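Student: One-letter residues, chain by chain:
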Amino acid sequence: MELVERYVAAVQRELPEDKRQEIGRELNANIMDQLDALKEQQGQLSEDDVAAVLKQMGRPRVVAYQFIPPKALVAAEDMPLLKHTLYMVLGVLFVLQVIGATTHWMGSSDGNLIRFLLQLTFGFLDEACFAFTAIVLSFAAVNSSGQRVGRCAGKDWSPKQLPKADLGWQHISLTDVFTDLATYLFLLIVIWHPLWMNPEQITDRSVTFTTDALLMLQWFSPVIVFSVLLSLWQLQQRIWNRGLLLSSIVVNAAFVVFLVVLAFSGPLLQAGPVELKSLFTVLQLEKGFTYGLLITACFPGYEVVRDLWRFNKLN
Amino acid sequence: MTTSQLDKMRLELRRGVLVLAVLASLKQRHYGYSLRKQLQDRGIDIDEGTLYPLVRRLAEQGLLDSEWQQAEGRERRYYLLSEQGKELLAQLTDEWLQLNSALGPLLTQDQSGETE
Numbered sequence: 001m002e003l004v005e006r007y008v009a010a011v012q013r014e015l016p017e018d019k020r021q022e023i024g025r026e027l028n029a030n031i032m033d034q035l036d037a038l039k040e041q042q043g044q045l046s047e048d049d050v051a052a053v054l055k056q057m058g059r060p061r062v063v064a065y066q067f068i069p070p071k072a073l074v075a076a077e078d079m080p081l082l083k084h085t086l087y088m089v090l091g092v093l094f095v096l097q098v099i100g101a102t103t104h105w106m107g108s109s110d111g112n113l114i115r116f117l118l119q120l121t122f123g124f125l126d127e128a129c130f131a132f133t134a135i136v137l138s139f140a141a142v143n144s145s146g147q148r149v150g151r152c153a154g155k156d157w158s159p160k161q162l163p164k165a166d167l168g169w170q171h172i173s174l175t176d177v178f179t180d181l182a183t184y185l186f187l188l189i190v191i192w193h194p195l196w197m198n199p200e201q202i203t204d205r206s207v208t209f210t211t212d213a214l215l216m217l218q219w220f221s222p223v224i225v226f227s228v229l230l231s232l233w234q235l236q237q238r239i240w241n242r243g244l245l246l247s248s249i250v251v252n253a254a255f256v257v258f259l260v261v262l263a264f265s266g267p268l269l270q271a272g273p274v275e276l277k278s279l280f281t282v283l284q285l286e287k288g289f290t291y292g293l294l295i296t297a298c299f300p301g302y303e304v305v306r307d308l309w310r311f312n313k314l315n
Numbered sequence: 001m002t003t004s005q006l007d008k009m010r011l012e013l014r015r016g017v018l019v020l021a022v023l024a025s026l027k028q029r030h031y032g033y034s035l036r037k038q039l040q041d042r043g044i045d046i047d048e049g050t051l052y053p054l055v056r057r058l059a060e061q062g063l064l065d066s067e068w069q070q071a072e073g074r075e076r077r078y079y080l081l082s083e084q085g086k087e088l089l090a091q092l093t094d095e096w097l098q099l100n101s102a103l104g105p106l107l108t109q110d111q112s113g114e115t116e
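Protein chains in written order, with the numbering used here: chain A, 1 to 315; chain B, 1 to 116.
Hints were generated in silico from the structure; no laboratory data involved. Keep in mind the model is a prediction, meaning the values are calculated, not measured. Even for Gly, the Cβ is constructed at its ideal location relative to N, Cα and C. Take the hints with a grain of salt, since some may be wrong.
Using 25 Å as the maximum straight-line C-alpha spacing, the simulated PhoX-like pairs for lysine-lysine come out as follows [said to hold, decoys possible]:
1. B:Lys-8 with A:Lys-71
2. B:Lys-8 with A:Lys-55
3. A:Lys-19 with A:Lys-55
4. B:Lys-37 with A:Lys-55
5. A:Lys-55 with A:Lys-39
6. A:Lys-71 with A:Lys-83
7. A:Lys-313 with A:Lys-160
8. B:Lys-27 with B:Lys-86
9. A:Lys-71 with A:Lys-19
10. B:Lys-37 with B:Lys-86
11. B:Lys-37 with A:Lys-39
12. B:Lys-37 with B:Lys-27
Estimated spans, in silico, between C-beta atoms of each pair [to be verified]:
13. B:Thr-50 with A:Arg-242: 54 to 64 Å
14. B:Arg-29 with A:Ala-128: 51 to 61 Å
15. A:Arg-306 with B:Thr-50: 49 to 59 Å
16. A:Gly-43 with B:Thr-50: 22 to 32 Å
17. A:Val-92 with B:Asn-100: 53 to 63 Å
Hey, can you work out the whole structure from these sequences and the hints?
Tutor: In structure tokens, the structure reads:
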């Protein structure tokens, strides 16, 4: 019966320490009963017969899990809240990373766009991994004590507040909100770079905005700040309502007008103190920038039309 | 329906019923193997990997009393329905009978293809 002892010991190894002895004792008794019943049918049992019975019972680890099923790291009940928390935290980290990467990019002498994107990507991944681990472990710690993170009642709700069934667009996507927030903060950092960059860094640049272009951008900053507040409002509401739609229409229309006016107010770029080491001349960059502004204006333009249609649907 | 789908559905269907069958069987004292034999003899085939952990869980919930005893030169753990287990069994039996009486006509109706 050494095989049985080995089998029971293998099962016990997979069990929590405080359960090993009791479950092992019971499992051993059950196996011995089963072998006795087989002996009554077949007579003396060989080692192969015993091995066949044990094999039929299943792998020791599987048997151990049948007695003490492994617990999920995070309870199924808490999964929606975990996903929501991850979305929110990773979104905020992305925005912060955009701020950090933009600041660094503006401060560097070469203004290499690929380097900016790499720094943004790897910086975000680095922080996202840490945040993901920390959040999941926090949920696991709360769950392991038998509590549920999402068990609190939360704010009151009414079925009347739910969006209409045929208006699927009414739900505001978190991805959209965080992408908008990151874009607006990026713009603010670029526009107000003279405030936080030291003069040496500015004189290191080969292409800069003209004074008039920079002045226009700075005058437009309140609209961008308002856009940031609007994004935060969307984050709090999570459902498009008339107020939000109206604000969004106004902001996007302001963006369209501004971008078009800016595109036709050239020159926008000028050569900086450092010689431009690029495939393009400042004039070509100016032309590209102008077209870029006009193309960019199409996006808020589309959103104005889309939100007008939505506003009409909500009436 | 594929075999795996059928197996999964059958497992779900049997899961709750097995608890009832085990509780009902343990109105008499049994040890693990004898309980399994009795259920098998009554037409309820249940593998040891399901039965033994289930019995332990029911005992941990206070629905079964248990004691170790020496028998035939070996120790065995005997289980018997506790007072709490008896109360629960009575309630579950009522529930089962109600469900069964409601389900029976539904299933017969499906077989005959009638709509009302």
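Student: Can you list which hints this structure breaks, lowest number first?
Tutor: none
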